[in-house]
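Residue numbers (my numbering), protein chains in the order written: chain A, 1 to 510; chain B, 1 to 171.
Bear in mind the hints are in silico, worked out from the structure with no lab data behind them.
As the structure is a prediction and not an experimental result, all values here were calculated from the model.
Each hint should be verified, as a subset may be incorrect.
What the hints assert, rightly or not - Derived CB-CB ranges, DEER-like:
{"no.": "1", "chain 1": "B", "residue 1": "Leu47", "chain 2": "A", "residue 2": "Gly414", "range": "46 to 54 Å"}
{"no.": "2", "chain 1": "B", "residue 1": "Val18", "chain 2": "A", "residue 2": "Gly205", "range": "54 to 62 Å"}
{"no.": "3", "chain 1": "A", "residue 1": "Pro213", "chain 2": "B", "residue 2": "Gly122", "range": "28 to 36 Å"}
{"no.": "4", "chain 1": "B", "residue 1": "Gln135", "chain 2": "A", "residue 2": "Gly205", "range": "33 to 41 Å"}
Stated by the list, open to error - Away from chain B, derived, C-beta distances all over 10 Å, residues of chain A:
{"no.": "5", "residue": "Trp286"}
{"no.": "6", "residue": "Arg304"}
{"no.": "7", "residue": "Asp369"}
{"no.": "8", "residue": "Ala446"}
Unchecked claim - Quick look at which bits of chain B chain A covers, simulated, 3 or more residues with Cβ under 8 Å:
{"no.": "9", "segment": "105–117"}
{"no.": "10", "segment": "150–158"}
Backbone N, C-alpha and C define an ideal beta-carbon position, used for all residues, glycine too.
The residues making up each chain are set out below.
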Amino acid sequence: MLLLDLDRGWGLLRAMAPETLLTLWALALLLDAAWHHRDSGAQRRAGWLALAGLALSAAATVWLWASGAAPAGLSTTIALDRFRYAVDLIVLVAAALAVLLSVEYLDREQLRIPEYHALLLLATVGMMLLAGGEDLFVLFLGLELMSVSVYVLAGLDRRSPASAEAALKYFLLGAFASAFLLYGIALLYGATGSTKLQIIARQIGPLGLLTHPMLLAGLALLLIGFGFKIAAVPFHMWTPDVYDGAPTPVTGFMATAVKAAAFAALIRVLLEAFSDVHALWGPVIWWLAAVTMVVGNLVALAQRSVKRMLAYSSIAHAGYLLTALVADSMAGAAAFLFYLLFYTLMTMGAFAILALKGRGGERDVMVDDLAGLGEAHPWLALAMAVCMLSLLGFPGTAGFIGKWYVLVAATGAGYPGLAAILVVTSVISAGYYLPVVMAMYMKPQAHERAHAGVLVPRIAGATLAVMVAALLVFGVWPNRVLDAARAGSHAFIPRAMTAAVTPLPPAGAP
Amino acid sequence: MTLVAFWTFAAVAIASAVLCITRRSPVASALWLVNTLFSLAAIYVLLDAPFIAAIQVLVYAGAIMVLFLFVIMLLNLGRTAPGDIKGPWGRAVAVAAGLVLVFELVALWLAAPPGELELPAGTVAGTVAARGAVQAVARPLFQGYLVPFEVTSVLLLAAIVGAVVLAKRRL
Numbered sequence: 001m002l003l004l005d006l007d008r009g010w011g012l013l014r015a016m017a018p019e020t021l022l023t024l025w026a027l028a029l030l031l032d033a034a035w036h037h038r039d040s041g042a043q044r045r046a047g048w049l050a051l052a053g054l055a056l057s058a059a060a061t062v063w064l065w066a067s068g069a070a071p072a073g074l075s076t077t078i079a080l081d082r083f084r085y086a087v088d089l090i091v092l093v094a095a096a097l098a099v100l101l102s103v104e105y106l107d108r109e110q111l112r113i114p115e116y117h118a119l120l121l122l123a124t125v126g127m128m129l130l131a132g133g134e135d136l137f138v139l140f141l142g143l144e145l146m147s148v149s150v151y152v153l154a155g156l157d158r159r160s161p162a163s164a165e166a167a168l169k170y171f172l173l174g175a176f177a178s179a180f181l182l183y184g185i186a187l188l189y190g191a192t193g194s195t196k197l198q199i200i201a202r203q204i205g206p207l208g209l210l211t212h213p214m215l216l217a218g219l220a221l222l223l224i225g226f227g228f229k230i231a232a233v234p235f236h237m238w239t240p241d242v243y244d245g246a247p248t249p250v251t252g253f254m255a256t257a258v259k260a261a262a263f264a265a266l267i268r269v270l271l272e273a274f275s276d277v278h279a280l281w282g283p284v285i286w287w288l289a290a291v292t293m294v295v296g297n298l299v300a301l302a303q304r305s306v307k308r309m310l311a312y313s314s315i316a317h318a319g320y321l322l323t324a325l326v327a328d329s330m331a332g333a334a335a336f337l338f339y340l341l342f343y344t345l346m347t348m349g350a351f352a353i354l355a356l357k358g359r360g361g362e363r364d365v366m367v368d369d370l371a372g373l374g375e376a377h378p379w380l381a382l383a384m385a386v387c388m389l390s391l392l393g394f395p396g397t398a399g400f401i402g403k404w405y406v407l408v409a410a411t412g413a414g415y416p417g418l419a420a421i422l423v424v425t426s427v428i429s430a431g432y433y434l435p436v437v438m439a440m441y442m443k444p445q446a447h448e449r450a451h452a453g454v455l456v457p458r459i460a461g462a463t464l465a466v467m468v469a470a471l472l473v474f475g476v477w478p479n480r481v482l483d484a485a486r487a488g489s490h491a492f493i494p495r496a497m498t499a500a501v502t503p504l505p506p507a508g509a510p
Numbered sequence: 001m002t003l004v005a006f007w008t009f010a011a012v013a014i015a016s017a018v019l020c021i022t023r024r025s026p027v028a029s030a031l032w033l034v035n036t037l038f039s040l041a042a043i044y045v046l047l048d049a050p051f052i053a054a055i056q057v058l059v060y061a062g063a064i065m066v067l068f069l070f071v072i073m074l075l076n077l078g079r080t081a082p083g084d085i086k087g088p089w090g091r092a093v094a095v096a097a098g099l100v101l102v103f104e105l106v107a108l109w110l111a112a113p114p115g116e117l118e119l120p121a122g123t124v125a126g127t128v129a130a131r132g133a134v135q136a137v138a139r140p141l142f143q144g145y146l147v148p149f150e151v152t153s154v155l156l157l158a159a160i161v162g163a164v165v166l167a168k169r170r171l
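Here chain A stands alone, though its shape is the one from the complex (with noise of 0.2 Å):
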């Protein structure tokens, strides 16, 4: 147990030392880029020594949890739990996989931006402050952190019309909702008289703030904002066309790691500060929940590019996020971090084959361009269908016991109608994921040399069979991921006591 007060330079250097590394780190890389981004060689050790400061920061990560750090009196400005930990290594592992996966794609699309590393860096520090601020303060420079470095990740193919329009669009639509968020937390500061977590969760019952005007515009402000970042319906209008537009690695990056934190944020914010009002923001959540799964689902039926379709396919997965969270408890904090990383695992697989298989203008694979994959790429075509089973939730995959857990924890919580919900729009759901299981192995390819472009280069390859293998592997072993989220939800003890504190029932146990 190591005791770290937060009031004191050295404490709170020490609380911050993975976010602190990272940064560091990015700002030499930044250095290094200025001197050398003449060759492509460069390009390449720069995303070897951004790999090396994300395995710093998660080594960082790892010593806080190990060391039981807590804070000496209220932690106001970041937290020392095991939910941050938590997600922060799934943000960190997010992004390795996408600097893995762009190694060798910026190589082939000749995009030679050398300050690419420095910038991914620093959004993945905001996604972690994210993840662990205890000040709505802090939440909201960590989300303008993220999200101006990934607005500019999204543009970074300059000869593409349609990166120019994600970027400028997610731009725009971003600012639109920071302001939202901005907004609400004025109002929230209004109403409670502080902007941290923790006091306002302890000021909301002495001050009898429990239906007061400004709390209630505040949350809803709160709501709205938070509900564009993770791309909930129906605030996700601009999910497909920037997704569509940005390149592939980060587009994979904006799916699994920014989505990540935005949704640890709102936990935090809701679990924390706002558990007592559940009655208010619970059938919200609710609504959010049921809607973003019916239409994300619906929706992503009629897309014919995959790109699109895997863009409404992350919609509805917000919508599985949501019900995790509407349960309020403990049981619901660790189906989220289970689910979050076997989300991540899988849409980062996904959109990594996709990046492999479009060469120049992966926007235009149909689902159709996949057909005969099976017959010319066995091993790529397996990966796919293994992505796809998992996004769907086959038995024997990770993503079936990741929503396994979700709807244990929904109807633990009293929440039957929405499991159903999600048991019926997962079904739907099959109906454009095992098309494209089905275009790889049953239908002919096109023409001979329909798949004579991919080629699988190493690192890509390596990476994409490690994911491959680990959504396999925790799909019938998956008890030691299932401990460390358990433990991640502990954060959440004292506070999430409205709800029905339900255990998750013994691992393995389906």
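Use these hints to put chain B onto chain A, whose structure you have.
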């Protein structure tokens, strides 16, 4: 006396803000905005926050407005541009948005924050007198809000790097 000063500056601020958004010429709008910012600075003085007022004049009314005017000149926006609100639909939406804001203002007025949160009169002035205006701002900034302060600098750096990456002609 304070009340008279407050209402005067408030009226000037609101009138200049209205003029700022109704003028056709961007330069005129920018100049009316300067007026609004100056009036706000005066109101900060009335709130016992002279340091914030000075910063408001230096940064907002000074630096940022110069930047605005530069951009207007660079983009050659000196001519009058067509209005943003077009057609009956646009007008209806604008009126509706305005009404929502008015409604919200009234609702928030009626739902004043709980009395426990209100500082006793003269607290801010007391702090300023005891510690000086700069220290009254600097202490929370570099102690309680150290992390947000530092993250802001990282955020600005990311924005600068991003702007350069997107705007650089030759990479």
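Here is what the structure says about each hint:
no.	hint	verdict
1	B:Leu47 with A:Gly414: 46 to 54 Å	holds (48 Å)
2	B:Val18 with A:Gly205: 54 to 62 Å	violated (42 Å)
3	A:Pro213 with B:Gly122: 28 to 36 Å	holds (29 Å)
4	B:Gln135 with A:Gly205: 33 to 41 Å	holds (35 Å)
5	Trp286	holds (25 Å)
6	Arg304	holds (31 Å)
7	Asp369	holds (31 Å)
8	Ala446	holds (36 Å)
9	105–117	holds (count 8)
10	150–158	holds (count 6)
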